[in-house]
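Just so you know, the protein sequences line up as chains A and B, in that order.
Numbering follows our numbering, in which position 28 of the first sequence is assigned residue number 28; successive positions increment by one, without gaps.
Numbering follows our numbering, in which position 81 of the second sequence is assigned residue number 81; successive positions increment by one, without gaps.
Bear in mind the hints are in silico, worked out from the structure with no lab data behind them.
A virtual CB, placed ideally from N, CA and C, is assigned to each residue, including glycine.
Watch out, some of these pointers could steer you wrong.
Some chain B residues near chain A, calculated using beta-carbon distances under 7 angstroms [unchecked claim]:
hint	residue
1	Pro22
2	Ala34
3	Trp35
4	His59
Covered stretches of chain B, going by a simulated chain A footprint (3 or more residues, C-beta under 8 angstroms) [stated by the list, open to error]:
hint	segment
5	1-14
6	75-81
Estimated spans, in silico, between C-beta atoms of each pair [what the hints assert, rightly or not]:
hint	chain 1	residue 1	chain 2	residue 2	range
7	A	Ser48	B	Glu41	51 to 59 angstroms
8	B	Arg39	A	Asp134	40 to 48 angstroms
9	B	Glu41	A	Arg75	46 to 54 angstroms
10	B	Gln31	A	Asp143	45 to 53 angstroms
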Amino acid sequence: MTANVSIRIQQDDFDIAREIAGLTKGRSDIGAVVTFSGICRGSEDGASIAALTLEHYPGMAEAEIARHAETALSRWPLTGIRIIHRVGRLAPGENIVLVVTASQHRQAAFEAAEFLMDYLKANAPFWKRVEGADGASWIDTRDHDDAAAARWTKS
Amino acid sequence: MKLKYFAWVRERIGKSEETIEPPPGVDTIEQLIAWLARRGEAYAHAFETPRVIRAAIDHAHVKPDAAIKGAREIAFFPPMTGG
């Protein structure tokens, strides 16, 4: 059966239960669903945050995430993938990103969700701007994000 | 070809996109960055540290030595911080 894949970039919030139901409803071949949600923290490196603004590259962001979803489907026996990335201004406590993976067994769902998040963080064209007490600034890349993505590359 | 800029590259240059015609001899991403950096103070500031600039040709990541011939859209941006 073909995998059920959906990728969305949107300003609006998402409903995790509805996204899970979208992958599992009417099917009896799924034994595991893993969800990861990324949430806006109220502080970064000890400094408090008023809000984050997410900018993206329309067209490329969708294409890049779709490429990663294809790679995940080729590496793990998944029945479905949902990826939602929000853009615009987000306050602490708000959802930023959602990855849902479904499979017959848990290992594939766990591994694929982690792979997708690591690749998304390092390669999908999104940028976070932080509004703090001292004005706004762009978040620097974290070297450990690149390292996290690199560990999935088989030599 | 169309150029697009994102995040602080866009802010420093002061525009999100423009159409340019690179002169002969500007054949790769790194040559294009060097050429753009000579277009004025704003561009020099945006491209002052070329090694941190990421590039994409027609929505796919490319390395600095990638050829720009035939590209419809080239984007320059800082390392990505989504997720």
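Original post:
Can you name, in rising order, the numbers of the hints this structure does not satisfy?
Top reply: Of the numbered hints, 1, 2, 3, 7, 8, 10 do not hold.
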